[in-house]
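K.L.:
As a plain string of letters, each chain reads:
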Amino acid sequence: MSDQPHEISRSSQAARVAAVLGALIIIILVAAPWWAGRADMRLMGELFLYLALASLWNLMAGYAGLVSVGQQAYVGFGGYMLFALTIFGGLHPVFAIAGAGVLGALIAIPVATLIFRLRGAYFAIGTWVIAEVFRLSFAQLSALGGGSGSSLPVGIVRSLASSRSGRESLSYWMALGAAVTAITVVYLMLRSRRGLALTAIRDNELAAGSLGIDIWRTKFVVYVVASGLTAMLGALIFLQKLRISPDAAFSVNDWTAFVIFIVVIGGIGTIEGPIIGTLIFFALRETLADLGTTYLIVLGVVAIVVMLKAPKGVWGFIVERYDIQLLPLRYRVNVKEHAKR
Amino acid sequence: MDWVNAVVQGTLLGGLYALFAAGLSLIFGVMRLVNIAHGDLIVLGAYLGLTVVMATGLHPLLALVFVVPTMAAIGYVLQRGILNKTLGDDILPPLLVTFGLSVILQNLFLEGYTADPQKMNAGALETASVSVGGLSLGVLPLLTFGIAIFVIASLQFIFYRTPLGRSFRAVSDNQEIAQLMGLNKRHIFGLAMALALAVTAIAGILLGIRTSFDPTAGGARLIYGFEAVIIGGLGNLWGTLVGGVILGVAQTVGAKIDPGWQLLAGHIAFLVVLAIRPNGLFPRVSG
Amino acid sequence: MPEPILSLRKLEARYGDFQALYGVEMALNEGEVLAIIGANGAGKTTLLRSVSGLMSNAAAQVVYHGQPIGALRADEVAALGIALVPEGRQLFPSLSVEENLLIGGRLNRKGPWSLDAVFELFPVLKERRAFASTALSGGQQQRVAIGRALMSNPDLILFDEISLGLAPVIIKSIYEALPGIVGDGMSAIIVEQDVSKALSVSDRVYCLMEGRVSLEGRSRDISREAISRAYFGVE
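Chains as they are written, first to last, in my numbering: chain A, 1 to 341; chain B, 1001 to 1287; chain C, 2001 to 2235.
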C-alpha cells in the first residue's frame, strides 16, 4: 500500500464542481434585483441572514465546543448599536454596521473572560444570563426607547438610498454579502492553523492540550470573532426591520432557537450543514407557518429526532452515504488507480 | 426598616428559587445532565396544578397530591424514553434535545392554555400575614421557605442515608462499576429524574400561587435556578438554598433602589460571584 | 463430565478497529479456580470484561449455566451471580467503606456472605467501616473491593490483577485469604501477572498471548518452560 503512488489533497472532483456551481449561484443571486420580485427578495434576504447566523453558531458549537443559547445577546446588541451610532453618532448606516461588529467583538472580550469559567452545559445557560443582562440593560436606556423600543428615523433610512427599491436591493445585497462573508470566515478559520487546533480540540480536548494547543485561547478567539460578526448581523437585521425593542432584539426564539434547529437539522460540525439546514428550515416555515404553534412543535420534534437518530444531521447522512465534501477541509489520500496496473 | 424588610422578603423569595434549583442540582449530581427544559417543567407543574384546581375545585396546595406523582411519572418516562439516549461523553445531544423539549413544551402550553397569564387562587393564604418585630411577613412566603428547607433536608436524607441515595452516588461516581453491582443505570437515572420532577412540581405550584405565569415563563425560572446552583456551589444542596437566598435578596434590594433593577440586580449578583468565586460560595469538596 | 459453569465459545472482542480476542475457547467447572496469565495487552482484562457484561459480545460466545449471556448488560450478568473485582479496585469514592460493601450486597442473593462475614474475614474493615473509601490504604481498599464482590454471594467471582500496585506483604495476606473465599464451592477466575501466585491458588491455568489461548493445563503439572514459551512466544 505504502509504495503505491498517491497524492494527498483537500481537493476532490465534487469540490471543484461545487466551487464552479457555487460561483454561478452567487452570480445569479447577486442579480436577483433584476429577476426576483419584492417579496422573494425579502424572503431571500432573511434566509441569508439566518444562514450567516447559523454558520457562526455552528463554528462555535460544532467546532469549538462552545454551545451558546445566548447569541441573541449579540444580535440585539448589534441592532441597538446600529440605532445608537446612526442616531447619536451621526454615522452612515453602513459604517454603523461595521462599528456594531467592532463593538460587539469588544464587549465579547470581558463576557468571554467571565463565562468561560463555566463548563460545558453550564456555559450554555451562562450565555443566556448574559443575554438577559443585555436585554434588561437596554430596557433601562430611555434614550433608545426603554422597554418599548424605538424606530429608525426616516432621514437615516433615506441616507441609505433615495428610492425604496434602491434600499431594498441594497439590504438584499448586504444580507447576501453577510452570508458569503460568514461562510468564508468560518471556512478560512477552519483551514488556518487555528482551525486545525479546533479540530484537534473537538476530537480530543485532553490530547490537544498535551500537544501544546492553548485551548482557552483558541476558544476565546472563536467566541470573540463569532460574536462580533453576530453583532454585525444584528445591525443588518434591524436595519431591515427599522424598529427595535428589547424583547424583539434579544428574543431567544428568533435568534437562537431557530438557529440551533437549522444547524442541528442540517448537520452540526460541517460547513455545508447550516446551508442545508437553512433551506429546510425556510421550506418548512413557508409550508407550515400557517399552523402557528404546531409548526414550532413539529420543528422541535424534528430536531430531537435528528439529534437522537442522525446526530450529524442531513448533511452528515449524505456525506456518510456518498463520501463527498463540497467545501474541502479534510485531507484525503488519493491512490492513483492507473499506477496499480 | 424598609431595607430590613427588603432583605427579609428577599430571603423568603430565595426559598422559592432554591426549589427551582434543587431539581436541577439533583439531576446534574447524578447524571451530569443539564436540563434546559427545567424551567418549562416547573411551568408544566404550575399548569397541571391549575388544571387540577379548575377540575376539582381543590385548594392549590392540595393539588400537590395529584401533581407530584404525575410529574414524577412524567420524569421517569421522559428519562427512560428520551434523555437516557442522549447521555454520553458528548455534551451536545442532551443540551440540544432538552432545548428542543423546551420549545415543544412552551408551544404545547400555548395550544392548551393560550398566551394569557394564569394564576392559581389560594384564597386567604395569599393575603395572610404575621407580624414579627415590626415586619409584616406573608404566610405564603414563610410557608414556601419552610417547604424549601423541608424539601432540601429530605433530598439530603435520601441522598446520604438511604439505599436509593447510595445507588445515586454510586452511579454518579462510576457508571460502569455501578452496573457491576447490579444497578441498571437507566432505571436509576429514571428514578433521579422522577424525584427531581416531584420537587419541580412543588416549585411549580408555589410559583403559580405566588405570581401569574404564562407559557414563556420557564426560561427565567431555569436561569434563577441555575444561578442559585452556581452561587451556592455545584453539588451542594444547602449551598443551593444559600444561593437562592442571595439571589432573592439581590432582587428585592435591587427593586428597592429602582423597580427596573430587580432582575438585573439578581443577575449582577450572580456575575459577581462568578467573577470572584467561580466555583461558588460552598463548593462540595469531592472525596 | 458435568456441564461447565462457564464456557467461552470462540469469544471475539474488539475495540473499534483493534481486535483484542480471537476465538478464545475456555471452560470453567463448578468449584474450580482458573488462573489466566499473560503479558500486558494479551487480552486478560478484555476477557473478564466480556464475561462480566462490561463489553457486549454475541450472545452465544459466553455461556453460563447453559444460558447464553454474551449480549447481556453488566447489571443483568451481576444478577445471575457473576461478580468482578475490577483492576485498580475502583471503589466508589463518595461512599463509605460500609456503603461500598452494602451496595455490593444490594442484589440480596442468598449465601454465606454478609456484612458480618466480610468483617470477620477482614477485621480491619469493621474498624474503618465509617471511613471514606478514599481514606484507606491500597491493601485495605483491595479488601473492600473483594468484600464488595462477595456481598452479592456470587457463584462465580472474577479477580482482575488484585496484586497490582500493592506491597508484597499485603499481596501475601490477600492470597492467604483467597482459599477461604473460594473454598465454599464458589468458582473463580483469577487474572494475574504474578505467575507463581496465580499457580499457587488455581486448579487450572490458561495463558493468553495476543488475544489467543497459547497454553492450557493443570496448574501443578505445568512446567516453567512451557509457561515462558506461552507467555512470551519464544522457543
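Mixed in with the good hints, there may be bad ones.
With the Cβ distance kept under 10 angstroms, some of the chain B side facing chain C (calculated, not the full set) [stated by the list, open to error]:
#1 LEU1137
#2 GLU1176
#3 GLY1182
No lab work stands behind these hints: they were computed from the structure.
Backbone N, C-alpha and C define an ideal beta-carbon position, used for all residues, glycine too.
K.L.:
Taking the hints in turn, state whether each one holds.
P.N.:
Status of the hints after comparison with the structure:
This hint is violated: B/LEU1137 has a C-beta 38 angstroms from the nearest C-beta of chain C, more than the 10 angstroms allowed. Satisfaction of the interface hint for B/GLU1176 is found here, the shortest Cβ-Cβ separation to chain C being roughly 6 angstroms, below the 10 angstroms cut-off. For B/GLY1182, the shortest C-beta to C-beta distance to chain C is roughly 4 angstroms, which falls under 10 angstroms, so the interface hint holds.
Hint 1 from the earlier list is the only one contradicted by this structure; the remaining hints agree with it.
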